[in-house]
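Novice: Use the sequences and the hints to build the structure in full.
Below are the chains, spelled out letter by letter.
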Amino acid sequence: MNLAQQALRAPVSALELTNILLTTDDAVVGATPREVVWTHRSTTLYHYRSSDRSQAVPILLVFALINRPEIFDLRPGSSLVEYLLEEGFDLFLVDWGVPSEEDADTGLDEYVCDELHWAIRETLRASGAEEVTLMGWCIGATLCAMYCGLDRGSEQTPVRNLVLLTMPVDGRGSTYARWVGDPEFDVEMVAEQWRALPGQAIDFANKMLKPVTNFFTTYRRLAQGVFDGTVRKDAYQPMAKWVADNPPFPGRAWSQWIRWMYQDEALVAGRMRLRGRRVDLRRVDQNLLVITAGADHIAPRAGTMPIFDLVASDDVTHIDRPGGHIGLIAGSAARNQIWPEMAAWLAERSER
Amino acid sequence: MARAEDGAKAVSPEAQVRALYEKGETDTAKAFEDLVAKPSFGRVLALSTENIASLVRIGADFADLVLRNLRIAGRADMTRLGRQLHRTEDKLERVLQEVEQLRDELRHQQADGSDAGRSSGTGRGTSRRPEKSR
Chain Z
27 MNLAQQALRA PVSALELTNI LLTTDDAVVG ATPREVVWTH RSTTLYHYRS SDRSQAVPIL
87 LVFALINRPE IFDLRPGSSL VEYLLEEGFD LFLVDWGVPS EEDADTGLDE YVCDELHWAI
147 RETLRASGAE EVTLMGWCIG ATLCAMYCGL DRGSEQTPVR NLVLLTMPVD GRGSTYARWV
207 GDPEFDVEMV AEQWRALPGQ AIDFANKMLK PVTNFFTTYR RLAQGVFDGT VRKDAYQPMA
267 KWVADNPPFP GRAWSQWIRW MYQDEALVAG RMRLRGRRVD LRRVDQNLLV ITAGADHIAP
327 RAGTMPIFDL VASDDVTHID RPGGHIGLIA GSAARNQIWP EMAAWLAERS ER
Chain B
46 MARAEDGAKA VSPEAQVRAL YEKGETDTAK AFEDLVAKPS FGRVLALSTE NIASLVRIGA
106 DFADLVLRNL RIAGRADMTR LGRQLHRTED KLERVLQEVE QLRDELRHQQ ADGSDAGRSS
166 GTGRGTSRRP EKSR
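Chains as they are written, first to last, in the working numbering: chain Z, 27 to 378; chain B, 46 to 179.
Simulated from the structure, these hints should not be mistaken for lab results. Take these hints with a grain of salt, some might be off.
[As the list claims (entries may be wrong)] Within a straight-line C-alpha distance of at most 27 Å, the following computed BS3-like cross-link-like pairs (lysine-lysine) qualify:
(1) B:K83 x Z:K236
(2) B:K68 x B:K83
(3) B:K83 x Z:K233
(4) Z:K259 x Z:K233
(5) Z:K233 x B:K68
(6) B:K75 x Z:K233
(7) Z:K259 x Z:K236
(8) Z:K236 x B:K75
(9) Z:K233 x Z:K267
(10) B:K68 x Z:K236
Specialist: Written out as structure tokens, the structure reads:
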């Protein structure tokens, strides 16, 4: 296309670009049919039924406390939920909902000891299974690891497999730690003042890790794709909509997260306590699959690696691939690259 | 050497400009990433966060005060009601769990009882592994 053609096409391209940006909110995400199994406060447990269930152990999907869990089911043809259902797994998803000020006193102890524990209980009841696979992503993965590492005395956890996707476990050395690790940063005061931290503030901080890429390059690439005629609206919009959907982070849970992950590294040191019970990752003895992304700037690989020195699992698999924090699992290449490996690993360990 | 020169000539000026621009953008992105990774930037961000949080709180409290003086329910009232609902829901959840547990136990007892009755009736003495309680 020569310069004159480009100039003639510019108004149409500008119109198309504006249309893509303005209609992003209309994109459909999380379209796979599901039913509500259980609710408590703002938490909801959903059940995705496989029409061809062949695996005995159901999977419980746990996402982070930032952003929404629809990333597991982004769009038809690019949905991990859809893929796992086709592979014969029965799926459950715990959705933390959209907390508000009245949830300000909800801490990580509530999420791990109550919500996640009860969600597992309801998953077992609804599926009729005796064991479950926990698949957590980002903070959701850390919550799953905390759950498995929680001191329960003689009580056994009904978790057979633990799948941890791009999980932060040791915040030391990360850019986040440089921002909030300073003891002078009054985490408690911020949590108390805000009660529930606005999702936009969390999103802004995440984007500030790569400011030019997130605030400029993404849109420049979109515009370039429109002008070149290579843009894929159906792929861009669901992801853009998901990225912009940021629920608030309950103040108490946020302050605990910052303190334990970035200020005193209580989780890796085994000093973390939930409701007086110690969380020690050396108690994690489930079949363990850990997936790290080489270009992950939110949960850098170096911050996940300490898990391998801590857990007691005999069956440990580590998959490391190039990619970003979200792109590795939800990107357009995931269906052919990482999902088949995950499904194969799970299938070997999900028999009755 | 001649082939390399041909290859260099084959790149259009437009592509060269684009490559140059992208290199500039990549370098700028890297420079900004280095900037935000500095402790001094973290300090600025932390102080800004504390200030914004305080300002938001002051603004919210002021708006709440105005509403409450107009005898309209403010945010604090809604939050208090929400918390009361949460407490009620927590209690209800625990009661439901107790009920479900009792129902499961009853079902197991009934199943064991009918098994025992059947085995004594037929005289076969079949045994059944007790179901794992959840």
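Novice: Give a verdict on every hint.
Specialist: The hints, checked one at a time:
1. B:K83 x Z:K236: It holds: about 13 Å lies between the C-alpha atoms, which stays within 27 Å.
2. B:K68 x B:K83: Cα-Cα ~23 Å, so holds.
3. B:K83 x Z:K233: holds, 16 Å
4. Z:K259 x Z:K233: holds, 22 Å
5. Z:K233 x B:K68: Holds: K233 of chain Z and K68 of chain B sit about 21 Å apart, inside 27 Å.
6. B:K75 x Z:K233: holds, 14 Å
7. Z:K259 x Z:K236: holds, 24 Å
8. Z:K236 x B:K75: With a Cα-Cα distance of about 8 Å, the restraint between K236 of chain Z and K75 of chain B holds, given a limit of 27 Å.
9. Z:K233 x Z:K267: Holds. K233 of chain Z to K267 of chain Z sits at ~15 Å (cutoff 27 Å).
10. B:K68 x Z:K236: holds, 16 Å
Hint compliance for this structure: every hint is met.
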